[in-house]
Each structure stands twice: as structure tokens, then as C-alpha cells.
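Add chain U to chain H, keeping to what the hints say.
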Amino acid sequence: MNAATVIFLILATLLVISSLMVVFLRRVVHCAMALVTALLLIAILFISLQAPMVGVLQVMVYAGAIMVLFLFVIMFLNPGVLEQPSVAWWGLAAVLSVLLGAFLVPLFSQYEPGDNPVTSTELFGSPDVLAKSLFGEFVLPFEIASVLLLVAIIGAVVLAKREHGSDGAA
Amino acid sequence: MIVDLAIIAVKAFLVLFMVLNLAGVLGWVERKGSALIQDRIGANRASIFGFAGMGLVNTLIADPLKFLTKEDFIPPAGDKLLHTLAPCMALFPALVTFAVIPFGDVLILGDRVINLQVANLNVGILYVFAMGSLGVYGIVIGAWASNNKFSLLGGVRGSAQMISYEVAMGLSVMGVLMVYSTLDLQEIARDQGMLIRELLPAGAAFLQPVIGWLPAWGVFLQPLAFLLFFTAAVAETKRIPFDLPEGESELVAGYHVEYSGGKFLMFFAGESAEVVTAAALVTTLFFGGWQVPYLMRDGFHFPWGSIWLLPHLAVVILQVAAFTLKVLFFCWLQILLRWSVPRFRYDQVMRLGWKMMLPLALLNVVVTALIIVAAQ
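Residue numbers (the working numbering), protein chains in the order written: chain H, 1 to 170; chain U, 1001 to 1376.
Hints in this document: simulated from the structure, not taken from any laboratory. Quantities reported herein were computed from a predicted structural model and do not represent experimental measurements. Cβ coordinates follow ideal geometry from the N, Cα and C atoms, glycine included. Errors might be hidden in some of the hints.
Claimed, not checked - Rough simulated footprint, nothing fancy, chain H against chain U, three-plus residues with beta-carbon under 8 Å:
#, stretch
1, 1118 to 1131
2, 1135 to 1143
3, 1151 to 1162
Stated by the list, open to error - Calculated Cβ distances over 12 Å to all of chain H for the following chain U residues:
#, residue
4, I1002
5, M1018
6, V1029
7, I1061
8, D1079
9, L1221
10, Y1294
11, V1367
In isolation and in its complexed conformation, chain H is listed as follows:
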């Protein structure tokens, strides 16, 4: 077992633990912080796969922006401690998990890991390569996605404005 495998196993174990904590902790802020931990661990996984660009973007976008907004909302609503879900929900979750497992186990049992699955070059995952494919080959989907996001932002602003219509404050 080489060093990379050991690091992967440690990271993967921590990742599974923190993901379970997201689901099983009962205070909402603790769940959110466990999710932040999981996202940071995924970022480290990316970096250990020699894709620092993706790893850093993962931290910046998910841990740095999206989760902060989550926390923002959680702090405003302050839901405190979640109730224990009822037996019916546990039953439904158990059935779904067994079904998911039934699909996943055959998939994983067919998979044979190579010695060094990532064959990376110096440029793999570098900003240059990423930018060239994003703004060259995939420029149309990229622009369409940006228009979609713009529509979503304008929609959100319009909806928010309508509710506070008459008080005039921005």
C-alpha cells in the first residue's frame, strides 16, 4: 500500500463519517458545519488527484459561498434542534437504502481498481486546459448556463420586490 492509498483511505473514512454526521446530527448548525467539513475533504481529495484547480474552486464555491449563505439562512430562521423523524420515515429510508444498495453493490463488485488509476500530465487540471475547454469547445453550454443563472437572479429579485412592494426600501 503506497502513501497515496493511505491518504485516500484516511480522507475517505473522514468523508464518510462527516457525511453521516450531516444526516444524523440533530442541531441544524452542526449539520451545516459537518457538510462544510465534507466539502473541504472532497477538495483535498481533488488536490490529491493532482487537480488543484478543481479542489480550490470546490472550496471557493461550495464551502466559501454556498454554505455561508446556508448558514446565513439557518441563523435567521434559527430552527434549533430538529425533531426525531417518525418510524414511518425511518422505514421509508431503510427501504430506499436497501434498493440503492442493490443497484450499487453489483456495480462496485465489477469494478477493478488499477495500480495508479489517474494518469496525469503536468497540464492535467491546470487553469489553461480548463479555460481552453470551457471557453473553446464548451462555450455555448457555458453561455447558456450563464443566461439561465441570470434569469434565476432576475426572477428572485422580482419575486422579493413584489412582496415588499410598497415600503420602497431596497
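Same frame as chain H, but now just chain U:
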């Protein structure tokens, strides 16, 4: 292998040691500086055997001792675990950002070439922003875990302010990245060793005698970006005039109302470390980093043609000294700002960030792109 690891460990230790100590000394500069600005004497009450050292004894020995021996109070209705973790989350990002900031060119010892930068990342500037975006957690979590309305308000203000200014900060750097066409901070610092006359296109040759002799520092190529970046960086440190998350007159002490003792010291040190980091970033992106004007790897090459050769070690020492001096200058500028400007109102801070800095940063990106395309 062992030697390589040792070199990395020494570099990491040195940088961390320097930043933490500089953050400590800044506490003293801040007190004496504010006293100077306000025509007072400043901290001079503690002394060891009659030696007060211009208040240095206060800030370097008495203050930490006082902080560490104070009662560490955790609000009974608060969240004990997160209340304890929050100061670490506030201090950590400010310290690790320094890993990608180059403090010199290369040091050649025998046949070993040592890059004077702790971690040479090809996405350096993105790493800086990623770590900067993590800085919000210390405030938000600390504010929430205190279970105090004032601190919660401070936390909400802090997160809104930091997210707003991160946007303007990121866009203002875009122009610099376009000019030097790299994300690697060491490469950006290296490119600033050129002179502007090497960059001028043939069509703009008439500017040669006017600005051709200037080094190609970011501040000369991207003056607007420098103003926007520096403002946003000051806003990110949450100090006056942007200290809305603390706002003593409104929120007592904002997000750290419920902190005392060593944990408060960590928030305080985190703020000082952020000041140092902001100064180092401004230096690296806009003021040539470790560059001394006209100093190449073998000595000075002046624009009027004369050459003054220097030994390698002297060049490296000059570079590190230049970087340190520039960082100290920007630390002092931030302290000067803090003690000369009153606090903004919250709506003013938001308007400045979203309605003035963001459009200006976008304009800067567009104009820079047009000029680059025209020059090609």
C-alpha cells in the same frame, strides 16, 4: 528527499513565525501609532524593572499574559463546541494564505535551487480567495454559538459584508491576471521585474520617454484595480471604516461580544494577521512583490544603460528586504486609515460595494481586455 522536506519545513516555519510576530508587533504599532495620531503618549503603564520600552512591554508581554490568565467564559445557553472552534476558524485562513505568497525569487545554494515561496501552486491567487472565503466562518459561527442578539447581528452583518466585498475583490484582480496572464503569484511577481518599455506596442512608442522607464508593476498597469483591491482588502479585514460587524456604538462588540481571554486573543491575532496578509497581497499583486526596481538576478540594470553587478546572496537579501519593507508600509497605511477615518453606515458600505466598486471593477476588466486585444 529528507533535505527537500527539511527545506519546506524551514520555509513554512519561517513564514508562520514572521507573520505571527509581525501581527504581535502590529499591536504595538497600532497603539503607539494611534497615540501619535491623537497626540497622546499611548501604552506605557507596564514595565519590567523600570523598562517600559515605549510600550513594547505592554503589548508583547503584559497583554498576552493578561488575556491568557483571564477567565474563559462560555455562555451557558451557547454552543460550547462551536464557541471554542470559532476563534480557530477565524485565525486559520489568515495564516495559511501566506503559503502561496512569494517573499523572494530563487535562492541558489550549491546545485540546489530554492524557490522562496512555501507552496508553489499554479492556482495561487484562487487559493488566496478560497482561504479568504473561509474567513467568514469564524465570525458567523462565533456569533451564532454565543447565543447573543448583538453578536448574531454582528455575524449577519459580517457575513454579508465579506461576501459583498469578495465579489469586488475577485473582479478587481481579474485585470491583473489578464495583464500578466497567470494565476501563479510567483510568476506575477517575476513579470513585474520587466520595464514598461518592453510592453509598449509599436503604436504607443511616443509614450516611451514618459513612462518607459517605470517598472511594470501592477499599480502602473492597473491603477484602478489597485484602488479597488486595496479598499476591498481593508473591508475584508473588518477594521474601521468597515468595522460594522463590531460597531461598538451599536452592537457592543459585535460577533465577539461573548469572547474573553485566550479566545478573544485569537480573534484579535486573526485580525492582525489579516492586516499582514492584505498588505502582502497588495505588495505582490501591485507593487512588484519582492522586486527592487531595475534589480535583475545578477545586479542592477539601470534604464540609462549602466550596470552594477552584485553577488547572488546580496540580490536575494535585497529582494527579501524589499518585500518586508513594502509589507510594513502597507500595514502602516492600514493602521493610518483605521485611526483617521470614521466608521461608515451600513447602507453606505453596501452601496459602495455593490453599486460603485462592482461596476468599476467590471469596467476595468472590459477596458483591460480591449487594450490587450488592441495591443496584439
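Checked hints:
{"no.": "1", "hint": "1118 to 1131", "result": "holds (count 8)"}
{"no.": "2", "hint": "1135 to 1143", "result": "holds (count 5)"}
{"no.": "3", "hint": "1151 to 1162", "result": "holds (count 5)"}
{"no.": "4", "hint": "I1002", "result": "holds (15 Å)"}
{"no.": "5", "hint": "M1018", "result": "holds (24 Å)"}
{"no.": "6", "hint": "V1029", "result": "holds (31 Å)"}
{"no.": "7", "hint": "I1061", "result": "holds (36 Å)"}
{"no.": "8", "hint": "D1079", "result": "violated (7 Å)"}
{"no.": "9", "hint": "L1221", "result": "holds (21 Å)"}
{"no.": "10", "hint": "Y1294", "result": "holds (31 Å)"}
{"no.": "11", "hint": "V1367", "result": "holds (20 Å)"}
In this structure, only the earlier hint numbered 8 is contradicted, and the remaining ones agree with it.
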